[in-house]
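**Student:** Protein sequence lines, in the order shown, are assigned to chains E and A.
If you read the first sequence in the working numbering, its first letter stands for residue 1, the second for the next number, and so on.
If you read the second sequence in the working numbering, its first letter stands for residue 1001, the second for the next number, and so on.
Hints listed in this document are in silico derivations from the structure and should not be mistaken for laboratory results.
We put the CB at the ideal spot given by N, CA and C, even for glycine.
Do not rely on the hints blindly, as some may be mistaken.
[Said to hold, decoys possible] Below, simulated BS3-like cross-link-like pairs (lysine-lysine); rule was C-alpha separation at most 25 Å, straight line:
no., chain 1, residue 1, chain 2, residue 2
1, E, Lys-128, A, Lys-1073
2, A, Lys-1132, E, Lys-29
3, A, Lys-1074, E, Lys-20
4, A, Lys-1014, A, Lys-1045
5, A, Lys-1073, A, Lys-1109
6, E, Lys-103, E, Lys-15
7, E, Lys-25, A, Lys-1045
8, A, Lys-1045, A, Lys-1079
9, A, Lys-1111, A, Lys-1079
10, A, Lys-1074, E, Lys-15
11, E, Lys-25, A, Lys-1133
12, E, Lys-128, E, Lys-15
13, A, Lys-1109, E, Lys-29
14, E, Lys-128, A, Lys-1132
15, A, Lys-1109, A, Lys-1074
16, E, Lys-25, A, Lys-1109
17, E, Lys-29, A, Lys-1014
18, A, Lys-1109, A, Lys-1178
19, A, Lys-1073, E, Lys-25
20, A, Lys-1079, A, Lys-1114
21, A, Lys-1014, E, Lys-212
[What the hints assert, rightly or not] The following label-pair restraints were derived from C-beta to C-beta distances:
no., chain 1, residue 1, chain 2, residue 2, range
22, E, Glu-217, A, Ser-1166, 20 to 30 Å
23, E, Thr-224, A, Glu-1006, 33 to 43 Å
24, A, Lys-1133, E, Thr-224, 31 to 41 Å
25, A, Glu-1006, E, Asn-2, 46 to 56 Å
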Amino acid sequence: MNIFTRFGEFLLMLKGMFTKPEQYKVYWKELMHQCVELGIGSLGIVSIISVFIGAVSTVQTSYQFISPIIPRSVIAQIVRDSVILEFAPTITCIVLAGVVGSKISSELGNMRVSEQIDALEIMGINTKAYLILPKIIAALITIPLLVIIAMTLGIWGGRFVGDLTGILPHQIYDKGLLDAFVPYNVTFALTKAYTFAFIVTAIPAYFGYTVKGGALEIGRASTTAVVTSCVMILLADYILAAVLL
Amino acid sequence: MIEINEIHKGFSDKTVIEGVSSLFETGKCNLIIGASGSGKTVLMKCLVGLIRPDSGRILYDGVDFTAMTEDIKKEMRRKIGMLFQGSALFDSMTVEQNVMFPLEMFSNKTKAEKLRRVDEVLDRVNLNGAHKKHPAEISGGMKKRVGIARAIVLNPQYLFCDEPNSGLDPQTSLVIDKLIREITSEFNITTVINTHDMNSVMEIGDRILYMFQGKKEWEGTNKEIIFSKNERLNNFIFASEFLQDAKDMRMLELRGKINEDRNMDDLLK
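Please build the complete structure, drawing on both the sequences and the hints.
**Tutor:** And the structure:
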């Protein structure tokens, strides 16, 4: 199957999601369930990664800062902007592509192979709307929130390590954080977060939903889904940066 | 009653079903039998609308299913229940939630009414104490019974069973067959069963459609099958020597040479 056929199938899948729900209450329940699964379920890993990214950024920026004429508070500015513009949205979403993407792909793949999707179809349920749409909406709600948390924890991680190692006292760090802050950077980061949230759920959902075969194919679909999502995140990252900055 | 007329279905350049016509009667167990690859699963998927046939008509009580729009088909599907080969229960839900799911989706009953209905159908399939168990915690036979309960919870008019006995021991198979037969006559539904199980053929096959390489090879009842001269059918059904002997004895029984309590002493002398 060539890339154009797959892309066509993907668009048809997205189109097929938009029908009137059979029962709003059941869909709402599923949406809330997915919010918990995707959002709360990923909070731990996102927190750990963000704190360490902020910490490492502070240490490495400081290491490269050898000129005595540049004030040390610039380190905080660099950490802040790196975390907001790139690390929080992109690295978080690449990690989520692995965590959430493989979960969605294998869950739907298993449902397809074990005929659970056929069972829903025979009941007269629009499986694309019931199984995929709540996942995408849940990601659009929770992933930007996770990215905001990642930004905060990343910046805090840098501050904590600066203080802990004596590289940058928190008074100077805090001053640097407030210098030359551009609020648009947050808007840009959230635009990226929404785009990536769609990518990390829609692409794995497509690969899982269209699995044919058995356990081996589910594994393959899961790997393909994660790889494709990561590549698409990087591509979208470049396009958004080129267009919006 | 379901009537199929000249159903054709192919994938790429391979024809899987070639001009199959038949009639599945209400209140009876209608069996589709055939070797692996004979097209019976594809035929069943065409019947329930999971696959669209290339040509031909499927009439549900005179209404053309193949000509329906997707929206009307969705309505129609609510009259259909299906038991899958692997049961297809939702792993994340308990037995109770699995059975209640169609009610949650399609009925406006209160929670208490839904629970009462779930109790009724679980009781009907003799699964009283399994409400809170997950599919991973119950046996294959119990899964099939939950599948049946889920299929009948909305009072369907048509019940489809895809290899209901696969993976079950002979005794459990008998229980499932008996259950399907009882439900069919009790609720007067049109039941179509896709099976390999020869015991099912002989016990519950009110009407049997035998498929060979995508075509209808033979059609009749479980009594007629004994006397059938169709060589392919005989080779398929009575494949082993043991089954051949069983067939011969059943023929004698049906001809009245063995009495009802199967006292064969006279015959053996």
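**Student:** So, for every hint listed, does it hold in this structure?
**Tutor:** Each hint, compared with the structure:
1. E:Lys-128 / A:Lys-1073: Given that 25 Å is the threshold and the Cα spacing comes to 16 Å, the pair holds.
2. A:Lys-1132 / E:Lys-29: holds (19 Å)
3. A:Lys-1074 / E:Lys-20: The hint holds at about 12 Å.
4. A:Lys-1014 / A:Lys-1045: OK: Lys-1014 of chain A and Lys-1045 of chain A at ~17 Å, within 25 Å.
5. A:Lys-1073 / A:Lys-1109: Holds - the C-alpha atoms of Lys-1109 of chain A and Lys-1073 of chain A are around 23 Å apart, at most 25 Å.
6. E:Lys-103 / E:Lys-15: holds (23 Å)
7. E:Lys-25 / A:Lys-1045: violated (30 Å)
8. A:Lys-1045 / A:Lys-1079: Distance ~16 Å between Lys-1045 of chain A and Lys-1079 of chain A Cα, so the pair holds.
9. A:Lys-1111 / A:Lys-1079: Given pair Lys-1111 of chain A, Lys-1079 of chain A holds - Cα atoms ~22 Å apart, limit 25 Å.
10. A:Lys-1074 / E:Lys-15: holds (18 Å)
11. E:Lys-25 / A:Lys-1133: holds (24 Å)
12. E:Lys-128 / E:Lys-15: Given pair Lys-128 of chain E, Lys-15 of chain E holds - Cα atoms ~9 Å apart, limit 25 Å.
13. A:Lys-1109 / E:Lys-29: holds (17 Å)
14. E:Lys-128 / A:Lys-1132: violated (28 Å)
15. A:Lys-1109 / A:Lys-1074: holds (20 Å)
16. E:Lys-25 / A:Lys-1109: Holds: Lys-25 of chain E and Lys-1109 of chain A sit about 13 Å apart, inside 25 Å.
17. E:Lys-29 / A:Lys-1014: The given pair, whose Cα atoms are some 43 Å apart, is violated under the 25 Å limit.
18. A:Lys-1109 / A:Lys-1178: violated (30 Å)
19. A:Lys-1073 / E:Lys-25: holds (23 Å)
20. A:Lys-1079 / A:Lys-1114: Between Lys-1079 of chain A and Lys-1114 of chain A the Cα gap is close to 18 Å, so the pair holds against 25 Å.
21. A:Lys-1014 / E:Lys-212: holds (18 Å)
22. E:Glu-217 / A:Ser-1166: 20 to 30 Å: holds (21 Å)
23. E:Thr-224 / A:Glu-1006: 33 to 43 Å: holds (40 Å)
24. A:Lys-1133 / E:Thr-224: 31 to 41 Å: The hinted range 31 to 41 Å holds for Lys-1133 of chain A and Thr-224 of chain E, with Cβ atoms some 35 Å apart.
25. A:Glu-1006 / E:Asn-2: 46 to 56 Å: violated (35 Å)
This entry does not satisfy hints 7, 14, 17, 18 and 25, going by the numbered hints stated previously.
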